[in-house]
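So the protein sequences, as listed, match chains A and B. Under this note's numbering, the residue at position 18 of the first sequence is numbered 100, and the numbers go up by one with no gaps. Under this note's numbering, the residue at position 228 of the second sequence is numbered 292, and the numbers go up by one with no gaps.
In case anyone wonders, no lab produced these hints; they're calculated from the structure. A few of these clues could be false.
In silico lysine-lysine, DSBU-like type, Cα no more than 35 Å apart, as pairs [unchecked claim]: (1) A/K93 to B/K261; (2) A/K157 to A/K93; (3) A/K201 to B/K97; (4) A/K135 to A/K120; (5) A/K201 to A/K247; (6) A/K120 to B/K97; (7) B/K97 to A/K156.
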Amino acid sequence: MELLQLIRECKQNRITAQKWLYDRFAVQFFLLCRRYLKTDAEAEEMLQNGFLKVFQHLPQFTYSTDAGFVAWMKKIMVNECLQELRKRNSFFLVPETAAADIGSQNDGLDRLSAQEIFKLLTVMPVGYRTVFNLFAIEGYSHVEIAAMLNISVNTSKSQLSKARKTLQELIEKNDYDAARKAK
Amino acid sequence: MTTMQQEKQNNQWAEPVGSLQELPDGFQFNSQKVWNELEQQLPVPSKKSWTVYYAAASVLVIALSALFFLQPSQPERSIIVAAQPAAQPLKSAIKIEQQEAVAQKTIPVKKSDNIAAVKHKAVSVSKDEAAIVTIPAETKELAAEIDMQLPANPLVLEKKALPKKNPTPVIAKTGPKLKIIYLNELGVMPPPEPLNKQELKQMVQQQQSEQQETAPAKENLKQVLYFKTIPRTTTSTSINNQ
C-alpha cells in the first residue's frame with residue numbers, strides 16, 4: 083500500500099492502516115530510540131509513545147513527500163527520547179574548558195559493518211551519544227542541539243569531541259579483538 | 065575542520081546506521097507487545113457522527129411523512145339529497161346525467177312520471193342550500209335577459225347562492241363514510257325567495273366553479289397512496305315532478 087493512502091486511512095483512525103504503518107516503521111524507529119536510550123525496554127516505551135503521538139497528530143500533518151513524512155515521524159521519536167532523557171537528567175556534561183576538537187579520526191570505520199557501528203554507539207555514555215546522534219546522524223547543528231538539550235554550544239561541541247574520542251578507542255579495541263580472534 | 069569535511073565524516077556514520085533495517089545481535093524488540101499496548105491507547109474511530117446523521121435523517125423523513133399524510137384533505141363533496149315531501153306519487157324519474165345537465169342550466173329537463181333512482185357521484189349541497197325552487201315569473205324574465213335557459217322542471221334542486229361569510233353545510237367534510245340524509249330528515253323548507261339578476265348570475269357562476277373543483281378532487285394523490293377508492297353513494301331520491 084502506498085504511504086499516502088496509508089496516511090489518509092490513518093487520519094480516519096482506521097486500525098488496520100495504523101497497524102500497517104506501525105509494522106512498516108517499527109524496527110527502524112526502535113533502533114532510533116535504542117541509540118538514545120540505554121535499554122531495550124526504554125526504547126520500546128518511547129517507540130510506543132512516539133507512535134501514539136504520530137497517530138494523534140496525523141490529522142494536522144500535511145503530506146508532501148514520503149521522505150518528508152518519515153522525517154516528521156523521526157523528529158517525533160527523537161523528541162520523545164530527548165524528553166525522556168531530560169526527565170531523568172541523564173546527560174553527562176563535561177566542563178566547557180575540557181571541550182577540545184579531537185579531530186576527524188575515523189580510521190577503521192570503513193572496516194566496520196552497520197551493526198557493529200550501531201553497537202559502538204549504544205556502548206557510549208548517554209551524554210556523548212546523545213550529542214553524537216543528533217550531530218553526526220540526525221544532522222542537527224550545535225546551536226540546534228544546544229537549544230534542544232538546554233545546554234551551551236560549547237558544551238555540545240565538547241560532548242561531541244568526547245564522543246568521537248571514545249568511538250575511536252572503541253574501534254581500535256574492536257580491531258584488536260578481531261585481530262586476536264583471527265590469531 | 066571545514067563544513068565539507070564535517071558532512072563527509074557525519075555521512076560515514078549516518079549512512080550505515082540509517083540504513084540498518086534489522087535488529088543487530090543482542091537486541092530484543094517485541095513488536096507485537098508494543099502494538100498491543102499502543103492499540104489500547106489509540107482513539108477509537110467515532111461512529112457517533114454517523115449515528116447522529118442517521119437519526120436526523122430518519123426524524124426528517126418521519127416528520128415529512130406525517131405532514132404529508134396528516135394534512136387536512138380537500139373537502140369532498142357531500143350528497144345532494146333533498147326533495148319535496150312525497151305527498152303525491154312521484155311521476156318523474158331523472159337520470160343523473162340529466163340532473164347534472166339541469167344544474168348547468170343548459171339542457172331542459174324532460175317531464176317524466178317515474179320515480180327517480182339516482183346514482184350520484186359525490187356532489188354536495190348544504191342543508192341550507194338545498195331547497196326546492198319555484199322559479200317565479202320575475203326570475204324567468206331575468207334569465208331571458210342574461211340569455212340563459214331555465215329548467216322546465218321548477219322543482220329541480222338547485223344550489224342557491226349564499227353569502228360566503230358563514231357557510232354551514234350539513235355535511236361540510238366527509239370522511240371515508242358519507243352520511244346519507246333522507247328526505248324526511250330535512251323538514252319543511254322555507255318558501256323560496258324570488259331571485260334577482262345578480263343572484264342568478266352568482267348561482268350560475270358558483271355551479272360552474274364547483275364543477276371545476278370536483279374533478280381534480282377525484283384525482284387526489286392522497287387517495288391514490290391510500291389505495292382508497294373514491295366514495296360513491298347511491299341514493300334514492302323522490303322528486304315530485306308535478
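Taking the hints in turn, this is what the structure says about them:
1. A/K93 to B/K261: 83 Å, violated
2. A/K157 to A/K93: 19 Å, holds
3. A/K201 to B/K97: 24 Å, holds
4. A/K135 to A/K120: Roughly 22 Å separates the two Cα atoms, so the pair holds.
5. A/K201 to A/K247: Holds, at about 16 Å.
6. A/K120 to B/K97: 19 Å, holds
7. B/K97 to A/K156: Status holds; Cα separation ~21 Å.
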